[in-house]
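Protein chains in written order, with our numbering: chain A, 1 to 292; chain B, 1 to 292.
Bear in mind the hints are in silico, worked out from the structure with no lab data behind them. All the pointers check out, no bait thrown in.
Same chains, same names: a pair is fine if it fits in one copy or spans any two.
Only pairs whose alpha carbons sit at most 20 Å apart, straight line, appear in this in silico SDA-like list of lysine to any residue:
1. K161 <-> N254
2. K161 <-> D251
3. K80 <-> G255
4. K12 <-> T77
5. K12 <-> P31
6. K80 <-> E258
7. K80 <-> Y256
8. K94 <-> R41
9. K80 <-> E36
10. K161 <-> D208
11. K119 <-> I24
12. K12 <-> F46
13. K195 <-> A170
14. K80 <-> G9
15. K162 <-> G177
16. K161 <-> D178
17. K47 <-> I28
18. K292 <-> G144
Number of protein chains: 2
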Amino acid sequence: MLLGSVEAGGTKFVCAVGDEHWTIKDVIRFPTTTPEETLSRVVDYFKSFPDLAAISLSSFGPIELRQDSPHYGWITTTGKPGWQNTDFLGIMKKHFKLPIYWTTDVNGSAYGEYVLAQKQHEAVDSLVYYTVGTGIGAGVVVNGKLQGDNGNPEMGHVYVKKHPADAEFAGICPFHGDCLEGLASGPTFEARTGKKGPDIPLTDPVWDIMAYYVAQAAVNATLTQRPDKVVFGGGVISEPFLKKVRHEFVDLINGYVELPASPERYLVMPLAAHNGSATIGNFALAQQMLSK
Amino acid sequence: MLLGSVEAGGTKFVCAVGDEHWTIKDVIRFPTTTPEETLSRVVDYFKSFPDLAAISLSSFGPIELRQDSPHYGWITTTGKPGWQNTDFLGIMKKHFKLPIYWTTDVNGSAYGEYVLAQKQHEAVDSLVYYTVGTGIGAGVVVNGKLQGDNGNPEMGHVYVKKHPADAEFAGICPFHGDCLEGLASGPTFEARTGKKGPDIPLTDPVWDIMAYYVAQAAVNATLTQRPDKVVFGGGVISEPFLKKVRHEFVDLINGYVELPASPERYLVMPLAAHNGSATIGNFALAQQMLSK
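Throw the hints in and build the complete structure from the sequences for me.
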């Protein structure tokens, strides 16, 4: 059985074809240009696999997830030039008479991490996946089900407690200024220091400020969804940085609730290597459509 | 059919008996004293209704909700003297060979508001109920189901953005200092001003500070669960205060997501009069046990 995956990012698209064991059989990456050009490449790619059984699309957004909306399947109010009101799902459905799943990029990743945890026999029924990169987004799986029928979680835009050493920084979110994304997304490094994150050593205090905010994301997930684990992906995240995050997290939550695992096993990097969570998630979501 | 409800609060207990239409047939209120005395009164009360079909308990906490825990049904690490590790559900089960539901007080209220909204044909599949009183707690219903199999939400203890005029206030949460509960629960009025909330006119700027924090609770729920509405109950809440909260909420969320209704219909007081949400919720939860 062949399953299709599209991880549609604002910078690049990853299209892949896999089998029922979620093994990648073929993969292609290309930059996100205009919707016409980019989606043509997606269509052309999958046309070369006539045996495809189903496809899952995990897209950058905001996207319309409410199935009763006339704009279901659209990329809606995105800041990405040219992509506003793009009927991504509609275009795919026109070209492929197949079951096609539609969700956010970070939901795809969250679901991928969920099914991988299941496969590894971890006791994980619910998890929160945060991506911390150009922006901050979250996908939530509760009892095996992606949350957000009214719309995907936007947990990157909640307000947080300011780090004392960061009091002067106004944040960079165009909507909220100093919400979580405004204070802890990748581009905040340059806004604060003039240097990009990868060029700043982890011993620099700015990384402690970042850890303080990312730890608050973990606190929020812990106190809200009470998940079995919280997974962090995206360009800002590394294992040495997560170590700082765990330290701040333990301080901030201060033993208020019992954690399902030690901080080292509770706040973790993705199981999928090389940012592959969304592709696995798409394979699993496509497969699930067929079994229904 | 007769259904039993216990709303077990840290200050008082409300026991009620209702019919299948959730009409209260009898009700009794008494202060929360020792567990022995208080739970004896609960048992004695329901013993006088031999036709009872099921009971639902909505209790102050923290409580153990995980059914696979040996302490399932207990009030656990509560600060209420004498009540630590009280096997509330176990004592009830010893005396009544009936289906008995077990949840938090605020879950009971959340569920009551959910079923009342359904009864009034509101388009509400999911809601978040916050109580803002002695503490701040939340109950979450998603697609008709109470959330929190690993433990109830503790959304009152997330960190928030400080109001500029409140910078000097350290907060009163014994665990977290200036978390949401530490900054916006009822006792913060006295900690800030030496006066109790009911004695402070709504024109006093301290109410604007409170509204700023309660609005952030609404922002969190909106961006996390994407509910159909957010209900506020508890001693701090009144319709004139909620008006302030809506104003701050609109400013803080700044149009980032589409709301399912106008702020006036989205951030609302309980449908149940006189703090009756939990009793209705208990009747519905008890009834639901019987239909399974």
